[in-house]
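Chains as they are written, first to last, in our numbering: chain L, 775 to 909; chain R, 775 to 909; chain V, 775 to 909; chain W, 775 to 909; chain Y, 775 to 909; chain C, 775 to 909.
By construction, these hints were calculated from the structure, which means they are not laboratory data. These numbers come from a predicted model, not from an experiment. The beta-carbon is built from N, C-alpha and C at its ideal position, and this holds for glycine as well. It is possible that some hints are incorrect.
[Stated by the list, open to error] When the alpha-carbon atoms are kept at most 25 Å apart in a straight line, the in silico SDA-like pairs for lysine to any residue are as follows:
#1 L:K811 to W:K778
#2 V:K891 to V:K778
#3 C:K866 to C:R897
#4 V:K796 to R:A784
#5 W:K866 to V:K891
#6 V:K892 to Y:E851
[Unchecked claim] Pair by pair, the computed Cβ-Cβ distance ranges are:
#7 W:K778 to V:R803: 54 to 60 Å
#8 L:S801 to R:Y780: 46 to 52 Å
#9 Y:D895 to R:K902: 53 to 59 Å
#10 L:E825 to C:S801: 19 to 25 Å
#11 W:K902 to Y:G792: 33 to 39 Å
#12 L:P807 to R:E804: 54 to 60 Å
As a plain string of letters, each chain reads:
Protein chains: 6
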Amino acid sequence: METKRYESGAARLAEIDGEGGKRVIDSLREIAPDLGKYIIEFAFGDIYRREGLSLWERELITIVSLLTAGGCEPQLEVHINGALNVGMPPEKIVEAFLQCVPYTGFPRVLNGIVTAKKVFDSRNLSVKPQKSPEI
Amino acid sequence: METKRYESGAARLAEIDGEGGKRVIDSLREIAPDLGKYIIEFAFGDIYRREGLSLWERELITIVSLLTAGGCEPQLEVHINGALNVGMPPEKIVEAFLQCVPYTGFPRVLNGIVTAKKVFDSRNLSVKPQKSPEI
Amino acid sequence: METKRYESGAARLAEIDGEGGKRVIDSLREIAPDLGKYIIEFAFGDIYRREGLSLWERELITIVSLLTAGGCEPQLEVHINGALNVGMPPEKIVEAFLQCVPYTGFPRVLNGIVTAKKVFDSRNLSVKPQKSPEI
Amino acid sequence: METKRYESGAARLAEIDGEGGKRVIDSLREIAPDLGKYIIEFAFGDIYRREGLSLWERELITIVSLLTAGGCEPQLEVHINGALNVGMPPEKIVEAFLQCVPYTGFPRVLNGIVTAKKVFDSRNLSVKPQKSPEI
Amino acid sequence: METKRYESGAARLAEIDGEGGKRVIDSLREIAPDLGKYIIEFAFGDIYRREGLSLWERELITIVSLLTAGGCEPQLEVHINGALNVGMPPEKIVEAFLQCVPYTGFPRVLNGIVTAKKVFDSRNLSVKPQKSPEI
Amino acid sequence: METKRYESGAARLAEIDGEGGKRVIDSLREIAPDLGKYIIEFAFGDIYRREGLSLWERELITIVSLLTAGGCEPQLEVHINGALNVGMPPEKIVEAFLQCVPYTGFPRVLNGIVTAKKVFDSRNLSVKPQKSPEI
Chain L
775 METKRYESGA ARLAEIDGEG GKRVIDSLRE IAPDLGKYII EFAFGDIYRR
825 EGLSLWEREL ITIVSLLTAG GCEPQLEVHI NGALNVGMPP EKIVEAFLQC
875 VPYTGFPRVL NGIVTAKKVF DSRNLSVKPQ KSPEI
Chain R
775 METKRYESGA ARLAEIDGEG GKRVIDSLRE IAPDLGKYII EFAFGDIYRR
825 EGLSLWEREL ITIVSLLTAG GCEPQLEVHI NGALNVGMPP EKIVEAFLQC
875 VPYTGFPRVL NGIVTAKKVF DSRNLSVKPQ KSPEI
Chain V
775 METKRYESGA ARLAEIDGEG GKRVIDSLRE IAPDLGKYII EFAFGDIYRR
825 EGLSLWEREL ITIVSLLTAG GCEPQLEVHI NGALNVGMPP EKIVEAFLQC
875 VPYTGFPRVL NGIVTAKKVF DSRNLSVKPQ KSPEI
Chain W
775 METKRYESGA ARLAEIDGEG GKRVIDSLRE IAPDLGKYII EFAFGDIYRR
825 EGLSLWEREL ITIVSLLTAG GCEPQLEVHI NGALNVGMPP EKIVEAFLQC
875 VPYTGFPRVL NGIVTAKKVF DSRNLSVKPQ KSPEI
Chain Y
775 METKRYESGA ARLAEIDGEG GKRVIDSLRE IAPDLGKYII EFAFGDIYRR
825 EGLSLWEREL ITIVSLLTAG GCEPQLEVHI NGALNVGMPP EKIVEAFLQC
875 VPYTGFPRVL NGIVTAKKVF DSRNLSVKPQ KSPEI
Chain C
775 METKRYESGA ARLAEIDGEG GKRVIDSLRE IAPDLGKYII EFAFGDIYRR
825 EGLSLWEREL ITIVSLLTAG GCEPQLEVHI NGALNVGMPP EKIVEAFLQC
875 VPYTGFPRVL NGIVTAKKVF DSRNLSVKPQ KSPEI
């Protein structure tokens with residue numbers, strides 16, 4: 775039933791994106807409420823509730839896709855928060871962005887790191903940077 | 775030392791991409807051998823040898839970035855093989871691509887699935903599709 | 775109810791994309807059946823069934839978005855057929871692609887025109903090209 | 775004659791983009807005046823003056839292409855104003871952006887909606903959101 | 775006068791892209807002749823005839839932009855031929871593509887090199903690869 | 775040896791991007807120092823130190839690739855400064871961006887020009903715009 779799809783999507787959204795997700799949905803109320811409805815029902819009710827990947831892995835996939843697409847900094851900010859909310863350590867987020875360098879180049883990764891820094895600072899998180907391996 | 779960086783990168787490339795990786799490097803020998811060198815030294819020697827993420831997670835990030843960028847089907851094919859080589863089950867690969875739908879849309883995901891199907895068929899792999907959750 | 779969403783989406787898909795749409799869904803049966811389900815339920819059941827735009831306008835939007843994204847030629851082929859199926863004359867399709875030149879450049883438009891030509895030829899359609907205005 | 779092409783392009787630009795278009799051209803005067811000239815002569819003199827599509831349809835195509843490309847918010851703002859200027863109701867603009875979700879994903883559409891909201895607010899326009907169809 | 779613009783554009787197109795450019799224009803004759811007209815008048819008559827950059831530099835810019843955009847292999851093929859036609863040595867083309875690696879990543883550059891190899895082979899050109907500097 | 779690669783990369787970075795480059799590397803110190811290391815070692819130590827293209831040509835390639843990718847304005851700003859630092863006249867930079875119009879469309883070029891204007895203003899540079907050729 776649609777209602778149930780909406781409700782379980784909303785619960786998942788709250789679990790992952792917390793306040794950031796709620797703010798996005800609220801901002802759509804006046805102009806495009808159905809867009810908020812689809813984000814909840816489809817993105818969070820259908821996709822994020824699927825089995826086969828942990829929430830942690832789903833957020834990893836999401837932030838990598840957003841970083842690669844470019845120009846999605848507001849959404850990247852919401853989902854870096856989401857990744858932290860479901861327990862991804864900040865070091866892993868930085869490491870995931872470094873893995874993108876050979877595939878999408880330095881500029882998109884630099885933009886992603888700037889966004890991550892903003893999120894980490896807002897949560898008073900410090901990062902213990904991974905050492906690169908000795909040769 | 776540069777030699778050591780090259781050698782450990784080449785070992786990592788062999789471990790992950792096997793024959794597919796070797797074919798890419800070989801194809802560059804006549805026209806742009808240094809491009810092959812940089813793929814080995816930088817992508818595989820520097821980045822893929824870092825700590826902080828498993829090879830499994832690195833390949834997940836790579837295939838999501840390639841799918842999102844679009845137009846990278848040859849590289850996606852190499853790295854879907856790489857993901858399988860480091861133990862990612864085909865079901866997880868499909869599931870990861872589904873997670874991209876809300877962020878990059880159906881067309882890029884359809885292209886990714888076509889490429890995955892080609893790789894799975896070439897390896898005689900069948901996929902036990904994840905059931906979507908009951909509501 | 776989910777079933778009704780699926781059924782009305784499937785009906786809309788058949789109406790717009792006909793055989794081409796069915797072939798896409800069928801090709802997903804073995805590897806990612808839920809992807810087909812989401813295309814039907816979400817893209818066609820939720821979005822294409824909305825009011826406020828004609829089917830004709832929806833297909834126009836879809837082919838322009840696919841052309842601009844690049845690398846989506848298989849999907850563009852399906853939806854150029856879809857645009858024709860809902861009554862968009864081939865001349866309008868060509869004209870819509872020309873309107874994209876200042877915004878996305880000649881190469882993407884050339885790729886779109888090659889795809890359109892392939893579809894028009896397969897349906898034995900000829901195009902009466904619009905004359906550019908005299909000055 | 776070149777002059778005539780420029781003049782009819784400038785008239786069309788004024789008709790569609792009004793003050794916003796003029797500001798873009800003026801901002802180029804010191805640094806790249808020929809870029810302004812080409813926008814007027816080619817985009818507006820050649821393309822926007824063609825027959826075969828209404829101005830309304832041309833603006834629809836333009837905003838969809840800009841939304842899909844990403845990173846073109848300043849131009850999207852000018853052309854959402856343009857779409858309103860040639861009579862496209864705000865509801866149709868929102869609806870057109872929703873149609874893009876399955877093809878380009880939620881993030882680009884969210885960015886487009888934020889830009890639309892900014893334009894609508896600056897013109898004191900409210901949107902009567904389309905209801906999604908009952909099932 | 776328009777005719778003069780067309781003629782000088784056609785001359786420039788012939789000078790740069792030779793047979794490849796002519797084939798593109800011819801392929802548009804039935805379906806979108808005005809697209810060919812705009813390529814000649816605007817791209818080659820207006821832009822390529824400007825002063826301030828050599829033809830060699832213009833082709834360098836064009837192939838880098840096409841490689842970065844992705845999915846433009848047919849146009850990249852035409853313009854790699856164009857770069858060779860105006861005297862750019864194959865070594866410089868390869869070197870230019872390597873310069874793109876840090877900015878756009880390995881996959882787009884690999885696609886560009888595959889296209890370059892195809893063009894060089896069709897012209898029986900061999901490449902003397904640049905040695906990377908000793909450290 | 776790695777140290778030498780780093781040192782010669784750092785020297786090249788200082789030569790090209792000056793203060794702007796240093797600021798980027800410094801901003802990464804807390805969150806992702808290895809990203810700064812790779813920019814210096816790989817982008818500047820490996821790629822920018824290669825023979826076969828002048829620094830002037832390398833910066834031209836870089837700014838065209840960044841403009842085409844879109845959403846890379848911070849990096850474009852650094853490298854427009856870099857292009858000026860290695861002797862590219864502002865007129866050439868503007869001209870290079872105009873050459874991109876037929877391939878990537880007006881919006882990306884307008885964004886590039888806005889960034890160039892910001893850089894030129896910060897350096898008190900005026901541009902003597904190229905006249906378009908008489909017909």
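Hints versus structure:
1. L:K811 to W:K778: violated (50 Å)
2. V:K891 to V:K778: violated (37 Å)
3. C:K866 to C:R897: holds (16 Å)
4. V:K796 to R:A784: The given pair, whose Cα atoms are some 45 Å apart, is violated under the 25 Å limit.
5. W:K866 to V:K891: With a Cα-Cα distance of about 30 Å, the restraint between K866 (chain W) and K891 (chain V) is violated, given a limit of 25 Å.
6. V:K892 to Y:E851: holds (21 Å)
7. W:K778 to V:R803: 54 to 60 Å: Distance hint for K778 (chain W), R803 (chain V) holds at roughly 59 Å.
8. L:S801 to R:Y780: 46 to 52 Å: 51 Å Cβ-Cβ, so the 46 to 52 Å window holds.
9. Y:D895 to R:K902: 53 to 59 Å: The hinted range 53 to 59 Å is violated for D895 (chain Y) and K902 (chain R), with Cβ atoms some 44 Å apart.
10. L:E825 to C:S801: 19 to 25 Å: violated (40 Å)
11. W:K902 to Y:G792: 33 to 39 Å: Check failed, 57 Å falls outside 33 to 39 Å.
12. L:P807 to R:E804: 54 to 60 Å: Because 59 Å falls inside the window, the suggested range holds.
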